Amino acid sequence: MSSSRHSHIYYRVGGFQSNFKLKSINPPIPYTAKEIAEALLVQKAGIDLILGVQPCGASYLLLPREDAEAAFHHLFKGYGTPATEYLSLSPIHFEDATAFAAKLTKLANKTTAQKKKKDQDRSHANTQYVLGADPFELTLSGISRANFEYHRLFLRILRDEIERPYDYDIVIPTWLQNTRAVSLAYNLWELDHRPQELRRTDPKVLDIGWTEYALPNPTNPGPIATSTVQAKLSENRLLRAPNYQISQDGIGVSSPSLGVGYSGSLARLPTVILTAESQTSLGIHTLGNGQAARSHLDEGTTLVEHDLLKSHKDHRRSTWLM
Numbered sequence: 001m002s003s004s005r006h007s008h009i010y011y012r013v014g015g016f017q018s019n020f021k022l023k024s025i026n027p028p029i030p031y032t033a034k035e036i037a038e039a040l041l042v043q044k045a046g047i048d049l050i051l052g053v054q055p056c057g058a059s060y061l062l063l064p065r066e067d068a069e070a071a072f073h074h075l076f077k078g079y080g081t082p083a084t085e086y087l088s089l090s091p092i093h094f095e096d097a098t099a100f101a102a103k104l105t106k107l108a109n110k111t112t113a114q115k116k117k118k119d120q121d122r123s124h125a126n127t128q129y130v131l132g133a134d135p136f137e138l139t140l141s142g143i144s145r146a147n148f149e150y151h152r153l154f155l156r157i158l159r160d161e162i163e164r165p166y167d168y169d170i171v172i173p174t175w176l177q178n179t180r181a182v183s184l185a186y187n188l189w190e191l192d193h194r195p196q197e198l199r200r201t202d203p204k205v206l207d208i209g210w211t212e213y214a215l216p217n218p219t220n221p222g223p224i225a226t227s228t229v230q231a232k233l234s235e236n237r238l239l240r241a242p243n244y245q246i247s248q249d250g251i252g253v254s255s256p257s258l259g260v261g262y263s264g265s266l267a268r269l270p271t272v273i274l275t276a277e278s279q280t281s282l283g284i285h286t287l288g289n290g291q292a293a294r295s296h297l298d299e300g301t302t303l304v305e306h307d308l309l310k311s312h313k314d315h316r317r318s319t320w321l322m
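Numbering follows this note's numbering, in which position 197 of the sequence shown is assigned residue number 197; successive positions increment by one, without gaps.
Since the hints were derived computationally from the structure, they do not count as laboratory data.
Fair warning: this is a prediction, and the values are worked out from it, not measured in the lab.
The beta carbon of each residue, even a glycine, is placed where N, CA and C say it ideally should be.
It cannot be assumed that every hint is accurate.
To be verified - Listed next, with one range per pair, are the computed distances between beta-carbon atoms:
1) Pro-30 x Tyr-166: 25 to 33 Å
2) Gln-120 x Pro-82: 54 to 62 Å
3) Gly-132 x Leu-198: 48 to 56 Å
4) Thr-226 x Asp-119: 46 to 54 Å
5) Ala-214 x Gly-78: 41 to 49 Å
Using the sequences and the hints, build the whole thing.
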């Protein structure tokens, strides 16, 4: 997914530097969460907004300026913020006014007795991300949150649930439906007692496996496994690990030699990797012929961190290639 990121402007809905006008200037009385919700609620079908994540990790509720001014011109002020201020833009839905009001409460900017740092967000939702930091400074929190949101957006696009991609400042590429999805896993030798640096740079891998999936689409909301390959590394065939078992899922197991053909095929299709550990994922691809494997990443692969994959109870590591 590419981005235009040149002219899209968004109004902040509630929270720090909100573009809502005050009901009263003297004294300053802002609109309540309930009043904002009632203004945005359309035919009792919930409230659909845009979630913008800044490079520091702070997030805000947004509306495209043209939509906001057309429907709620009496509520807004200022010029809004450009798409370039956000690391990601993704859809967010609230079922009713109560859920929306709860979110606005978390975004409400808190003031101190001394009223210092008036130009910083002090809300319950964002203080941890902006405290002592520049909101436009790229942080690991910002990268992690934005990557997760892009994953959600990617899935919604595959399911044809995004009516107006430009609302999220993206252009959907023509090759998207040809993208492949693969789940990777591998087992390390648990009894490896070599120094940690050596275990990291030269791991003893017992086997590597991957399953290819049909991507979600409007008629199939979830991925369906189509094939599975398990490759045992011959140089480590004599190594043993406690409680090590090979899972037979009935999809089918191919010979390790197919790994070469599979690796070569990655260069022909765009690939997105969703992974719980970026270093682990890179390590998987650089095992064996490291130079050739890394070239595939450099040429056509996007690495996206995804915390939901950190759910394995064994010593396996998992990634998604999409």
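Quick rundown of the hints versus the structure:
A hinted range of 25 to 33 Å holds for the C-beta pair Pro-30 and Tyr-166, which are about 30 Å apart. Checked against the given bound of 54 to 62 Å, the beta carbons of Gln-120 and Pro-82, roughly 20 Å apart, lie outside it. Gly-132 and Leu-198 have their C-beta atoms about 38 Å apart, which leaves the hinted 48 to 56 Å range violated. For the hinted restraint 46 to 54 Å between Thr-226 and Asp-119, the CB-CB distance of approximately 53 Å keeps it satisfied.
At about 46 Å, the CB distance of Ala-214 to Gly-78 agrees with the hint of 41 to 49 Å.
In the structure shown, a violation is registered for the earlier hints numbered 2 and 3, in ascending order.
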